[in-house]
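Keeping their order, the protein sequence lines are chains A, B, C, D, E and F. So in full-length UniProt numbering the end of the first sequence lands on 323, straight run, no missing numbers. So in full-length UniProt numbering the end of the second sequence lands on 323, straight run, no missing numbers. So in full-length UniProt numbering the end of the third sequence lands on 323, straight run, no missing numbers. So in full-length UniProt numbering the end of the fourth sequence lands on 323, straight run, no missing numbers. So in full-length UniProt numbering the end of the fifth sequence lands on 323, straight run, no missing numbers. So in full-length UniProt numbering the end of the sixth sequence lands on 323, straight run, no missing numbers.
Heads up, some of the hints might be wrong.
Because identical chains cannot be distinguished in the list, a pair is counted as satisfied if it fits within a single copy or across any two copies.
[As the list claims (entries may be wrong)] Below 20 Å or equal to it, Euclidean Cα-Cα: the simulated PhoX-like pairs (lysine-lysine) are: (1) Lys317 x Lys59; (2) Lys20 x Lys33; (3) Lys80 x Lys69; (4) Lys151 x Lys43; (5) Lys151 x Lys59; (6) Lys20 x Lys127; (7) Lys127 x Lys317; (8) Lys43 x Lys5; (9) Lys25 x Lys84; (10) Lys33 x Lys84; (11) Lys217 x Lys118; (12) Lys43 x Lys210; (13) Lys177 x Lys43; (14) Lys317 x Lys5; (15) Lys84 x Lys71; (16) Lys143 x Lys71; (17) Lys71 x Lys20; (18) Lys43 x Lys127; (19) Lys25 x Lys127; (20) Lys33 x Lys69; (21) Lys118 x Lys71; (22) Lys33 x Lys43; (23) Lys25 x Lys143; (24) Lys84 x Lys151; (25) Lys127 x Lys69; (26) Lys118 x Lys80; (27) Lys210 x Lys71; (28) Lys143 x Lys5; (29) Lys71 x Lys59.
Rather than coming from a laboratory, the hints here were simulated on the basis of the structure. Being a predicted model, the structure only gives us computed values, none of them experimental.
Protein chains: 6
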Amino acid sequence: MTLIKTFVEGDEIIGFYLLKSAEAKQTNATPPKDYMDLVLADKSGEIQTKFWDASSRDKETFIAPMIVKVKGIVQIYRDKPQFKIMQIRPAADYDHQDMTDFIRSAPVQPVDLLYTIKQTVESIADKEIRSIVHACVSRVEDKLMHYPAAKSMHHAFYAGLAYHIVRMLELGEFVAKQRPFLNLDLIRAGIILHDIAKTDELTAEIGIVKEYSFTGKLLGHLSMAANWVTEAAISLGLAVDSEKVVILHHMILSHHNLGEWGSPVQPQIPEAVALHYIDQLDAKLQAVEDAVSTMPDTEEWTAPVRILENKQIYRSKGLGKST
Amino acid sequence: MTLIKTFVEGDEIIGFYLLKSAEAKQTNATPPKDYMDLVLADKSGEIQTKFWDASSRDKETFIAPMIVKVKGIVQIYRDKPQFKIMQIRPAADYDHQDMTDFIRSAPVQPVDLLYTIKQTVESIADKEIRSIVHACVSRVEDKLMHYPAAKSMHHAFYAGLAYHIVRMLELGEFVAKQRPFLNLDLIRAGIILHDIAKTDELTAEIGIVKEYSFTGKLLGHLSMAANWVTEAAISLGLAVDSEKVVILHHMILSHHNLGEWGSPVQPQIPEAVALHYIDQLDAKLQAVEDAVSTMPDTEEWTAPVRILENKQIYRSKGLGKST
Amino acid sequence: MTLIKTFVEGDEIIGFYLLKSAEAKQTNATPPKDYMDLVLADKSGEIQTKFWDASSRDKETFIAPMIVKVKGIVQIYRDKPQFKIMQIRPAADYDHQDMTDFIRSAPVQPVDLLYTIKQTVESIADKEIRSIVHACVSRVEDKLMHYPAAKSMHHAFYAGLAYHIVRMLELGEFVAKQRPFLNLDLIRAGIILHDIAKTDELTAEIGIVKEYSFTGKLLGHLSMAANWVTEAAISLGLAVDSEKVVILHHMILSHHNLGEWGSPVQPQIPEAVALHYIDQLDAKLQAVEDAVSTMPDTEEWTAPVRILENKQIYRSKGLGKST
Amino acid sequence: MTLIKTFVEGDEIIGFYLLKSAEAKQTNATPPKDYMDLVLADKSGEIQTKFWDASSRDKETFIAPMIVKVKGIVQIYRDKPQFKIMQIRPAADYDHQDMTDFIRSAPVQPVDLLYTIKQTVESIADKEIRSIVHACVSRVEDKLMHYPAAKSMHHAFYAGLAYHIVRMLELGEFVAKQRPFLNLDLIRAGIILHDIAKTDELTAEIGIVKEYSFTGKLLGHLSMAANWVTEAAISLGLAVDSEKVVILHHMILSHHNLGEWGSPVQPQIPEAVALHYIDQLDAKLQAVEDAVSTMPDTEEWTAPVRILENKQIYRSKGLGKST
Amino acid sequence: MTLIKTFVEGDEIIGFYLLKSAEAKQTNATPPKDYMDLVLADKSGEIQTKFWDASSRDKETFIAPMIVKVKGIVQIYRDKPQFKIMQIRPAADYDHQDMTDFIRSAPVQPVDLLYTIKQTVESIADKEIRSIVHACVSRVEDKLMHYPAAKSMHHAFYAGLAYHIVRMLELGEFVAKQRPFLNLDLIRAGIILHDIAKTDELTAEIGIVKEYSFTGKLLGHLSMAANWVTEAAISLGLAVDSEKVVILHHMILSHHNLGEWGSPVQPQIPEAVALHYIDQLDAKLQAVEDAVSTMPDTEEWTAPVRILENKQIYRSKGLGKST
Amino acid sequence: MTLIKTFVEGDEIIGFYLLKSAEAKQTNATPPKDYMDLVLADKSGEIQTKFWDASSRDKETFIAPMIVKVKGIVQIYRDKPQFKIMQIRPAADYDHQDMTDFIRSAPVQPVDLLYTIKQTVESIADKEIRSIVHACVSRVEDKLMHYPAAKSMHHAFYAGLAYHIVRMLELGEFVAKQRPFLNLDLIRAGIILHDIAKTDELTAEIGIVKEYSFTGKLLGHLSMAANWVTEAAISLGLAVDSEKVVILHHMILSHHNLGEWGSPVQPQIPEAVALHYIDQLDAKLQAVEDAVSTMPDTEEWTAPVRILENKQIYRSKGLGKST
């Protein structure tokens, strides 16, 4: 199967791809004609796709997400590749296609990510902190198997949230080794809890965010996760205003660092400072990696990266990576 | 008793005043000598005070807050009035002085303020909302009898918080009458809850804030009040993620309107918008009234008002208030 | 007549509507074809409308604003309702349609609003202030009968400006009762004058702003209203630098509160502070009410509201308004 | 007479100087003793001065501004020169000292500055513009003879305002020659009017600003000058909303360029753009020149310059000025 | 030849114009059809142009920039003029058209601009500064003959960069005469060097910027010019950390004044302050002049000017320029 | 020797301490008396110190930095500990005191830090990058043995700069292992070069910054380090505009990320993004560690930390660090 990332203008393509989004449209012609705007995707990237002459039946048939078999041609439209469909049909059982083969996903198996997270929870020495974190993770184990970490900013792929957590845990352990004055229990708890309520703030399927939930819009994942900690504390019989619970609340609420980024308080314990900057380091580098790894092989500059002030990133061909 | 607001340079004063703060100091002389920096206050205002030649015993005797009898002279130091003590002693039982006669306090009796607040709670039609608000008010009834609404910004006086709530409730009822599409239950609940956790965010005595509490620093009164709602909901058997609870959370969390002012989410229901602007109107006007009513009679411009961009306010003598 | 707010996809509609805007367009087809982009409106809302196959004559016939009779179908285009015209003709005399039946307008009759404003002017106790306000209102009585308060932000409907003033007057009286230290004459004068020059800053017809005037662009309604006060003072023989005139200037010029919002000075008298926050409260709540009352019955979230940080507002179906 | 700028630590100085400010103080000693904080000045700069052992009579005698004869010693206090008085007396008639010999003033005679300004007014070709500018200048001819342009920012010296205007007029003529599409009448009028109301916004004596006036605080010099233009237009029988008057208003109101710098509107005619940037160029360079010319000869860096982001300016000794 | 600036709706035009850009497009029709979006230009302005029915051969023929002969009609599309091509062919040798007749260019001959710049270099008294500036100018003499000063902001025309430099030099000489404390050598050097690396930051042809270069994106013209000075100093045997070299670096690096405008340091020598404000004055006025001189004769307001806060500029018909 | 951090009010102390700063002062008494404001320090912290009755000879004797033997008493002044000297003398040879025993310094020996840095330079695979980095390090090897990384923000101690580099190198290696698409040569080069010019931007002695240098003020360490790279490239015969040199420049210039933080360009290669966030993580955590480790044992909250939005950091006694 030709990877989308390697599509070149003029290629005639036949193959299976993920129909990631599908929208029925009408031309401005008189009378207007029906067509569909599709996005086809595979692990390597995605491509805007025009399906002219779509019938009413087509509109009912092609509902994202699904696997489709397509035949078509790669064109260039406004300097960007576009795919023009000549034939399209849904994948059938006898095609033996598996959706997870077509989506970008964390480079580590979700089951392994979840295992790491759960092991880390058990390694928390403080019994009360451990119990609270355990309770919060238990609420959303299934969603941690597939949720992305964001709509488009960074880690916007299958199991991206769990992957983000695990990478941050690695960094957290390393930093705590560099700086023994940090409390590793808090570092671990903070990292696992900081974005965990994204699983309720957003609705997502196969690693793609659909929209913000009602609660997500009105409260945001910081306050939502703080609520989960309160609920866990109460059900465990811990005082909501005990130092440990307050500190867990504080780490969650302060991890965006500034009011204009959504944190009602700023980091005021060492581990909250660590949490914010570990989060930044991992999120920004992943955004870079996402942009670099999905750009066409022929390019030297990525598309603008939104969480990096909309800057484009340059990837040297000559310099490459050192050995 | 001469009111502090009417002190004029050169006056010799004898009378009872509230010792609002007392700090032991040393001069830079060689060898340094002991003295005390005091703040004397009454209902009309306060004045910086120098107590030269304070003995070790004086330092142990004069601990704020207490009532003292003083004799001394009004001087001007760096354009501001300053009081120089010649004699000072603590008020004794036979002086029959009552501390509440000396402090600025809400122009309505605390018991009446609390009564209004509690009546308003009972008037909330929705049983679940009423129960949650009731539970939160019950936690802090005693503190509502005397807490100020802030350290210095506005309503920084005895029972200032309850007074702020009651005034906002009046405004809220009026606005809801102007705009019947607003849900009065939510308006009432939002007004009563919005600053209620200031009673735990701050420590205060006789209407004067001492400092921020541990929880106050790490969480802030918005997130603290949200926690109280969660606790109340759980103990009442209500789902934390039910629409009503989420909306109460939302109103509390959004009432500072913008991230840079401490709100992690922005108002997104009509009543939350109303709550924020009613709060602004009442707080800013009270700050003006506080500044105008405590300025010396001889002045036309108040001291800079911090929550009004540090602007001074002009009070016309000639124009006065219309009849 | 079916209200636009209740249009449902697939409905075939016949009826009279206000043609609020009409633009001649060409398709991108080869050769391009003519069509018209119309906006149809009634009191309940408005809808984007496509008029394919518009002839040259049609382009000359359909000029907004006018009443038209249309037949057509409700469609959904990019998640939003769109109306597709099949037949259209101008309303004729024998149709007995009245334009004011089709436009959103203040819920109070313009004549009553103007009466209230004029009565309030007469109730100003100070003769000089009253005369100045009287002179300014007299300049634009006719426009106060129909001008909106803004292009789109808030009160963007027939007599919206007068309605905004009257509502603010109600609030102002209430606040002045709460806080007797405020000068009610100034409150009244400030409210009536603050936006009065919008009648010259903008050009408007049937409650719809067309554009900013030359003077409006170069000076803005704050400085324009200040000029009116100067003109009135001079013609009344009052000194332009007398305290009263300066204070009226100050209230007008400072009512946007901050430089970045267009005020060259910040509020520095109590009544100017009150004016700004009363204006905010009324404008923001009206923006909410406008958004909520014109959203389709099937929605729970309004369109983004520009003066509320572009936030959408949520209107609970279940919770409704309390009784 | 030794210039203050050349004072060196340890110097014993006898001479006449301007007493620029005088403040009675008390030491913190017990009992506190009286002394005076003086500022002595001459054309070359100024110096903080301590007058220990000042008697009650001294306090009544030494009121700024006046010329005094002093004997004392130059000391260094916190890295800055300070003068310690041993003897001081007011200058007497027989001393034949003239205050204007001691103050910093524009390097051009005030009478010549005013002559240039008035000649420029007469050179304005458009009769109506000329008349308005003439009327505004006539109001304040006497003040233009001595007012500074600001409290401390730039041109804070005797006749600094007129000097600023004249320098800007030179620049304006030059720029209008470079760019003939500019209307020279408007350039001239805008430059003369832009800061003219500073003469009423501030109260000043011998080139030193005392304070902001009542009207200055409540309106600011932009709106005040706009009022003057309105008054002039009315008394000349010109329509306040005629294009010319509106444009003069616009140039004055927009000359601070941005809302956060006090302009309610932004420059929108070519000459208003020119006015703002000519003003900037002249004001910033004068601030630099003020700082450089009053710094002690031994320094390489000036004190921080407030209107240059509080940066210090470096003055090379070696590089000097080219020939 | 009819100037584009004077095109009126409905005109049928035949003539030679510069094809400034050419983009192949497809309609949304089914099947989509090919057409081209062209921009035609002459000295007076430019116009959006539709070339329907463009063949594959047309797409290969019409590559910007080139001179074409066109026949077509002026239309109005979305309130803006648009040109619809009926016939088009490339200019041939026998048409005797010269591209420089069609492009906007500096009103002074490039050779004269360059001569002025080079003469100014030679007039720098300090031998070391002169040599460094000489070396930097020598690198790019050819590009100074035609480079614009920016992509679209200001001086975006043939030889615009050299014209900007020469105009600033005129201003610089004038200001240095007004303020003799300024070092004219530094003024001259700073003006010539400040934007000189734009010749490498941007790639440009016939006065039109194509794109930012690799080095331009990664370093920017300030740091690039600083590098040139370093290179020149080294090759001339001057110490990179000598006062003169540091000061030249400083002037270049600080000329955008603030960090958010791209300067890593703020102006801290008098000549750097002068350089920034001279640059501002010239750039902003040129932006105004560009907007005014290319707007259609029928308009009173220009298009929004990006570097003037996107404000439109008003050009009075009646007032005109004074004589 | 009693550690300063453990001083308790009322303690009488005899011991050797570092005299970190010494300033001669005069009291306000009449006549004023001489005294000295000293700062005494050891590894654990520092304390404000009053030396009353200092003689002229004392002022000449006690010049910071030096080791002194003191006898005195710990007092509390304005809530902060203050030391009052009774006896003081310089340490003599026979006291066998070593200044490095008294200063805060990196927890790793400078020689080891330098060794690590130099080894890392040699491990850079790319010959040209290695040579450039080598050349830059060679310029300042001696200063790397003792320079702090900043005046007060973070790593403000002996060899703090080298320690910051080494810690960042550890993080860089770890991150490059997590994300193999990063070029480790560039990570290493960027980390070593990013702050290296601080050794010339600041003047420092025994780990304490005295002031900014002339070049430091006019250029800043980013542009200075870029110059060093240019110099190195030229002396190595490498083209200044080659991709490698441009990228090294880019990493140095962009490492403050935003214009308002001093970077003229923003990170646009993956390794520049990594560099910025690794720098942030290390600097912010070190600032926390500095604050926590030097606060008195009796406190729970540190002093405000400037680079953490001036927030105080809370250090739990009970929670401690986990095991």
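Status of each hint after checking the structure:
Taking the shortest alpha-carbon separations for Lys317 and Lys59, neither the intra-copy value of 43 Å nor the inter-copy value of 32 Å comes in at or below 20 Å. With identical chains, the CA atoms of Lys20 and Lys33 are never at most 20 Å apart, being 23 Å at best within one copy and 27 Å at best between copies. In this assembly of identical chains, Lys80 and Lys69 lie within 20 Å of each other by CA distance neither inside one copy nor across copies; the values are 22 Å within and 31 Å between. For the identical chains of this complex, Lys151 and Lys43 are intra-copy neighbours only, at 17 Å inside a copy versus 38 Å across copies, given an alpha-carbon limit of 20 Å.
Taking the closest pair of Cα atoms, Lys151 and Lys59 never come within 20 Å of each other, the shortest separation being 25 Å inside a single copy and 39 Å across copies. With identical chains, the CA atoms of Lys20 and Lys127 are never at most 20 Å apart, being 44 Å at best within one copy and 46 Å at best between copies. For the homomeric pair Lys127 and Lys317, the shortest alpha-carbon distance between copies (18 Å) is at most 20 Å, but the shortest distance inside one copy (51 Å) is not. In this homomeric assembly, Lys43 and Lys5 come within 20 Å of each other (Cα to Cα) only inside a single copy, at 9 Å, whereas the closest approach across copies is 43 Å.
Taking the closest pair of Cα atoms, Lys25 and Lys84 come within 20 Å of each other both inside a single copy (15 Å) and across two copies (14 Å). In the homo-oligomer, the alpha carbons of Lys33 and Lys84 lie at most 20 Å apart both inside one protomer (16 Å) and across protomers (14 Å), since each shortest distance falls under that limit. In this assembly of identical chains, the alpha carbons of Lys217 and Lys118 never lie at most 20 Å apart, being 29 Å within a copy and 31 Å across copies at closest. Taking the closest pair of Cα atoms, Lys43 and Lys210 come within 20 Å of each other only inside a single copy of the chain (19 Å); across copies the shortest separation is 34 Å, beyond that limit.
In this assembly of identical chains, the alpha carbons of Lys177 and Lys43 never lie at most 20 Å apart, being 36 Å within a copy and 23 Å across copies at closest. For the homomeric pair Lys317 and Lys5, the shortest alpha-carbon distance inside one copy (16 Å) is at most 20 Å, but the shortest distance between copies (46 Å) is not. When the C-alpha separation of Lys84 and Lys71 is checked against a cutoff of 20 Å, the pair qualifies only within one copy, where the shortest distance is 9 Å, while the shortest distance between copies is 34 Å. Taking the closest pair of Cα atoms, Lys143 and Lys71 never come within 20 Å of each other, the shortest separation being 35 Å inside a single copy and 50 Å across copies.
In this homomeric assembly, Lys71 and Lys20 come within 20 Å of each other (Cα to Cα) only inside a single copy, at 17 Å, whereas the closest approach across copies is 38 Å. Taking identical chains as interchangeable, the C-alpha atoms of Lys43 and Lys127 are never at most 20 Å apart, the minima being 41 Å within one chain and 36 Å between chains. In this homomeric assembly, Lys25 and Lys127 never come within 20 Å of each other (Cα to Cα): the closest approach is 57 Å inside a single copy and 48 Å across copies. Taking the shortest alpha-carbon separations for Lys33 and Lys69, neither the intra-copy value of 24 Å nor the inter-copy value of 26 Å comes in at or below 20 Å.
Within a single copy, Lys118 and Lys71 get their C-alpha atoms no closer than 45 Å, and across copies no closer than 58 Å, so neither meets the 20 Å cut-off. Within a single copy, Lys33 and Lys43 get their C-alpha atoms no closer than 33 Å, and across copies no closer than 33 Å, so neither meets the 20 Å cut-off. In this assembly of identical chains, Lys25 and Lys143 lie within 20 Å of each other by CA distance neither inside one copy nor across copies; the values are 33 Å within and 44 Å between. For the identical chains of this complex, Lys84 and Lys151 are neighbours neither inside a copy (27 Å) nor across copies (34 Å), given an alpha-carbon limit of 20 Å.
Proximity of Lys127 to Lys69 under the C-alpha cut-off of 20 Å is found in neither arrangement, the shortest distances being 53 Å within a copy and 50 Å between copies. Proximity of Lys118 to Lys80 under the C-alpha cut-off of 20 Å is found in neither arrangement, the shortest distances being 43 Å within a copy and 45 Å between copies. Proximity of Lys210 to Lys71 under the C-alpha cut-off of 20 Å is found in neither arrangement, the shortest distances being 28 Å within a copy and 37 Å between copies. For a Cα distance limit of 20 Å, the shortest separation of Lys143 from Lys5 qualifies neither inside one copy, at 29 Å, nor across copies, at 39 Å.
Taking the closest pair of Cα atoms, Lys71 and Lys59 come within 20 Å of each other only inside a single copy of the chain (18 Å); across copies the shortest separation is 27 Å, beyond that limit.
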